[in-house]
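**Student:** Chains as they are written, first to last, in my numbering: chain A, 8 to 487; chain B, 573 to 721.
Simulated from the structure, these hints should not be mistaken for laboratory data. A quick note: this is a predicted structure, and the numbers were derived from the prediction, not measured. Just to be clear, a hint being listed does not mean it is correct.
Only part of the chain A face toward chain B is listed, based on derived beta-carbon distances under 10 Å [said to hold, decoys possible]:
id : residue
1  : R11
2  : L13
3  : T16
4  : F67
5  : D70
6  : T90
7  : P93
8  : S94
9  : A96
10 : G97
11 : L222
12 : G252
If you want the ones that stay clear, here's a sample from chain B, every Cβ over 12 Å from chain A, calculated [said to hold, decoys possible]:
id : residue
13 : A574
14 : T584
15 : L586
16 : E590
17 : E596
18 : E607
19 : A633
20 : E650
21 : I681
22 : G687
23 : E707
Counterexamples of contact, computed for chain B against chain A with all Cβ distances above 10 Å [as the list claims (entries may be wrong)]:
id : residue
24 : R579
25 : A587
26 : T606
27 : R616
28 : R645
29 : P659
30 : A673
31 : L709
32 : V710
Even glycine gets a Cβ: it sits at the ideal position worked out from N, Cα and C.
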Amino acid sequence: MPTRILIPTPLRPYTKQKDAVVVSGATVGDALRSLIEQHPDLGRHLYGEGGRLRSFVNLFVGDTDIRSLDGEATPLTGDETITVVPSVAGGAPAREAGDATELDAMEIARYSRHLIMPEVGMEGQKKLKAASVLCIGTGGLGSPLGLYLAAAGVGRIGLVDFDVVDFSNLQRQVLYGTSDVGRPKLDAARDRLADVNPHVAIETHETRLSSENALDILRGYDIVVDGTDNFPTRYLVNDACVLLGKPNVYGSIFRFEGQASVFWAPKGPCYRCLYPEPPPPGLVPSCAEGGVLGILPGIVGTIQAAEAIKLILGNGTPLLGRLLLFDALEMRFRELKLRRDPACPLCGASPTIRSLIDYEEFCGVLAVADPALAADLQVSPRDLKERLDRGERFILLDVRTPQERAICHLGASIHIPMDEIPARVHELDSRDDLVVYCKVGGRSARVLEFLRGAGFQRARNLRGGIDAWAREVDPSVPRY
Amino acid sequence: MALRLARDLLETILAHAERSYPEECCGFLLGSATEEGKCVSEIRAAGNRRDDSPRNRYSIAPEEFLVAERESRSRGLEILGFYHSHPDHPAVPSEYDREHAWAWYSYLIVPVSAGRAGAPRSYVLEEQIRSFEEERLVEEERKPCPPGS
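So that you can see chain A by itself, here it is in the shape it has in the complex (with noise of 0.2 Å):
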């Protein structure tokens, strides 16, 4: 008789509703490389990563588990039935956590202010400690968040980013310091929360966020604060936090303007109800190009950390169904009433949107990304520079804002802002090689767009804008 495998009710829809296998192999991994091979959708269910069985997935010989044999080596004979068990455990929840959560002498100390306050008092502070936050971004937003969380005592802080600390940081992302530019940032932060406060555990998550692991890292979170500065981002954090059923502190700044806002569905609205769909790319743009006043994230992004800290403690109104606008130059504070919408794609009544998509499709940005300019409408600094040696005649235009201009600029090149160009575009040649340029690249490429459209055959785009060309050709020109 040939070796059988027996499959649980809930894996059988991989095997086409067969609730028993035959397999081939002189030992069990043999057995479900063979069950594997006839099923191959059964594999992500029986093999986490790095190839190693799950352990929910419990395997047995006859009647023996095989854990209790020699695992995956044991060897068969033949004629024996393997049967997929799977483990089955849960539990009332967790919430004597708190219960259980105790402070020491030292943390009593350290939070001796929240602890007089009936509002927090020792029971509130367990429920801080016993909480768990994960801060989506450690920029400008984050670096109050983070360090105001772990300073009020969040039992577990997690930490997602994947960039180095830039000298164009630290004009806003307190995180960081001088001593700091070059590491990578979740290091430094690691560091210096550490620091504020050894009782809290800092969880670091050195990746991209993206539709394949947003699931998974924010699921290990009670409540998840969004810090990024792009749209693709913004989308998959509300699109995840609603398929968990997450609440999602949300922020966002630029120059002088800030917002906040609670998205829960469905105890209230989600970014969607509010945005159904993201500005065209270009439209709006980043603090990159846009800046930034320096404390605006700081007021933000404690605005977030105290809404984060209110919903632990599940005291006062969060700003739940309600949009917080905050103006530094007028230093106005206003709020909007958010309803959730009741034909949203993801937290409506029929939602169309059941899992993660693909978030830079959604929101343009593949179109407009400095790559998709084919290879002949660029010229790299490098090369432009070989030929301006070589003594060709280029027309350099720079597209950038009068202010960047002060900063900077390329020898005798001529001045139209991006926003002026339609308008003074007659003062340009249509016979020259002109060479468009901008901060790094994004904005030249769609004035490029524009001028080739206007028929200008000759013009060319900077890659990488007067940044590379400080990079590869003249380090004296400075970095912004």
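Based on these hints, arrange chain B on the given structure of chain A.
**Tutor:** Below, chain B without anything else, positioned relative to chain A:
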């Protein structure tokens, strides 16, 4: 899908939950899956192996699962899911429940407050997003389907 269960079986489950209080109880729901839902025709109590924290955890020994599966198969029944109690907690799945759940199976939860069982609720894991969805619990006067049908 709905979980269909005769009243006397439900009462047996509630009695098991009250008897085990303040510890968690657990057991198997056996029967057959039909177009009208899952019809439970038998229940089978299981031992709670979690002697480290039986008040808020349960786990069924794989050996016990193996025997239950083998016996039900030989009688034409299927393991449709499991029941467990939440002592002094509502009938809402915990994160721990969710992490350990399998798709397809029903997870019936009985809340027990100060020794008295309350209204049970049943959940199924939505596999794609790994979150629980509540399923309809239909209480029948008699056994909804004969064993082995």
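**Student:** What are the numbers of the hints that this structure violates, sorted from low to high?
**Tutor:** The structure breaks hints 1, 17, 19, 20, 21, 28, 29, 30; every other hint is satisfied.
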